[in-house]
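Chemist: Please build the complex by placing chain B on the supplied structure of chain A, with the hints as guidance.
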Amino acid sequence: MRIAILSPIHTSFYSRLVTFLTHKEPQIEVVQIVVRNIWNWQRIKSEYKRDGVRLLKKVHRKLLWGENTAVASLENSIAALGDSVKLPGRSLVDLAKQLNIPLMTVNDHNEQQVQDTLATLNLDAIVFTGGGLVRKNILNISKLGVINCHAGLLPNYRGMDVVEWPIIEMNSFPPQTGMTLHIMDKGVDTGPILATKPLPFRPNETIKDFRLRIEPEMVQFMIEGIKRLEANKLKARPQVKEDGKQYFVMHPRIKELANKKLNIKPD
Amino acid sequence: MKSALKKIVSLLLQVAIDFLDNPVTKNELQNFIINKISQLSQPNIITGLPAKSQYEFNLTVQNAIGAKLLSADQVQSQDNSDPKLDLDISTWMAGLPKSGVISPKGLIPGSIRNLLALINQNSSEYTAFVSDNFERLLRHVEVRREASLFLNPKADVKTTWLEKHAVSIAFSSYSRKSKDPRFINAALKLNGWAYAQHANMNPGSQLIRYLLALSEAEITVKELFS
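Those sequence lines, one after another, are chains A and B.
So the first sequence is numbered by the numbering used here: it starts at 3 and just counts up by one.
So the second sequence is numbered by the numbering used here: it starts at 579 and just counts up by one.
Just chain B, same shape as in the assembly:
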């Protein structure tokens, strides 16, 4: 009887595992990128969106070509310039709490674009600051998992997702820069957790930023592991 009960429990557990252990696959995500690029490349879809979204879409296309998900002749190439914001890094850094960009209260909105700007600046002056904040972000995401990256002060759902995708993009970028694979590991997790929310989403800034996050991860995997 004990053995029969064990078999029944084992079967139920296996059903639960098969149901829950269903992470989105690499092929699903890559096909998603390709299909969405194709959809968004239709006339008048991207041109109606804000300049930042158009920039991010063009970057996604470049990444997709770089990661060999698409060939250059499959899409129309666009001139791409980042509509940069005027950032005063020193003032921003001075205004951060001791805990940096992430604390138990949440992620400070807008901080990721500044961290990304610091990575791109390539200045040794900020190396320790960047490293410390990325390490904190990594630990936060890895410990809190799907519940990570809530904002402080609290924001609407769309803004929160935009920031989450910005973190994923930053992780990919920092992974390439520092050659530290832990960050692309976390970016892949963030992207996987976000898939269900975005699989059937209509074109807009949130979907485009998610596509950029996916394509940044692809280009990072290719660069670090081939």
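The following block holds chain A by itself, in its conformation from the complex:
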């Protein structure tokens, strides 16, 4: 199975782990990595317009210090997973060199040069590990499409903050949290579902700790999904628009209520 990886930034732990672990699978070949250039004014402008101050916080955390600093000691973290599999290098550039995988750096995944390059590679699938919207020209290139792991349970929880919204909407603990492997389409998390995996909150677990715990789970789920796709063991199930709703970034006041609600658990 021939796949390409789309990545938002060369230091993304998630992208690096997905690339490394997929490449280790005997039946799967990573033939191209496409990573977005962060030092691009258009990208910075559009992401700031979309995310506001959250973007600066993300940059501060991920770019300057990497996922390592705050979470290296947490045994369930993505950094710990990286340690356990001996993830080499410090960036996708290092990894691509080590594994001899072609890597291209672009301003936008949807650029013509990306389309032209990927179209020549006879791809079975493209694996999305972040980096904004993917447009029709890229969605239609590979045989199986562009695969994404969404940090929420589809079809119910599409969009943003899908760890927090199930808490607000829960009638009883635990909230409906988990992850979904799906094929991307032009909608927001509306593409056909390949697999879902519930991941419940643990008693007394905070939202922050849950988010740290779900990251390595998403890596493993993605790898498992790609292997099953290769073995023809996954069937895509189309979503019906009316089966779910799109959620958006949660206002701090609602987030505060979500945190309060999490602390009230039945015995």
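Quick caveat, the hints were computed from the structure, so don't treat them as lab data.
Take every hint as true, because none was put in to throw you off.
EDC-like cross-link-like pairs, simulated, lysine to aspartate or glutamate; straight-line CA separation at most 16 Å:
hint : chain 1 : residue 1 : chain 2 : residue 2
1    : A       : Lys26     : A       : Glu226
2    : A       : Lys247    : B       : Asp758
3    : A       : Lys243    : B       : Glu713
4    : A       : Lys247    : B       : Asp710
5    : A       : Lys138    : A       : Asp110
6    : A       : Lys262    : A       : Glu171
7    : A       : Lys51     : B       : Glu720
8    : A       : Lys199    : A       : Glu219
9    : A       : Lys262    : A       : Glu207
10   : A       : Lys243    : A       : Asp187
11   : B       : Lys676    : B       : Glu713
12   : A       : Lys247    : B       : Glu713
13   : A       : Lys247    : B       : Glu720
14   : A       : Lys145    : A       : Asp187
15   : A       : Lys47     : B       : Glu724
16   : A       : Lys257    : A       : Glu171
17   : A       : Lys51     : B       : Glu724
18   : B       : Lys604    : A       : Glu258
19   : B       : Lys757    : A       : Glu171
20   : A       : Lys88     : A       : Glu77
21   : A       : Lys229    : A       : Asp126
22   : A       : Lys263    : A       : Glu207
23   : A       : Lys60     : A       : Glu49
24   : A       : Lys243    : B       : Asp710
25   : B       : Lys800    : A       : Glu258
26   : B       : Lys676    : B       : Asp710
27   : A       : Lys138    : A       : Asp187
28   : A       : Lys263    : A       : Glu171
29   : A       : Lys235    : A       : Asp126
30   : A       : Lys47     : A       : Asp110
Modeler: Below, chain B alone, put in the same frame as chain A:
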């Protein structure tokens, strides 16, 4: 050197985050409601304003009492009747474009009062229409954020703000009706973005409608989350 540079950039970024990440707090907004109600309750301030503004102010006071921001003995209660307009809903609906009340060109002025009227009518005949239009409005506000809700045709600043506050009020109302928290989420954002413009505003229809938007959000949070 690299590590020192990283520390400097990190410090600058943190300063920028602290400066920009300064959303108006719940306490600031609640105190704003209380203080403005007190100011506007002074003799002769409200009575000089149009009937619609007087109605909205009285509703704000009722909401503030309901949300326990004020007690009933702190303000003089007023009889409150909505100076309803004569609305022909069917004609209005038939005249809307396919995109509904909101399109890439903007919000159609006056449509929010009709949507609110439809919510209050409680008729199953319009459920799908109301749901569809609120969903479109929600997506528009969430994607465009502070730049959302420009009017088509274009209008003056005051009219635009009045419509924005009407959307916030509608979101709160629809959130209570449908028990969908996404709409109060958007109303809180709209109200927060508007605060800087209204913090030092003189009494008038725009300020009063903003106060109503704030108080509707308070009553909605109380109803949905307690």
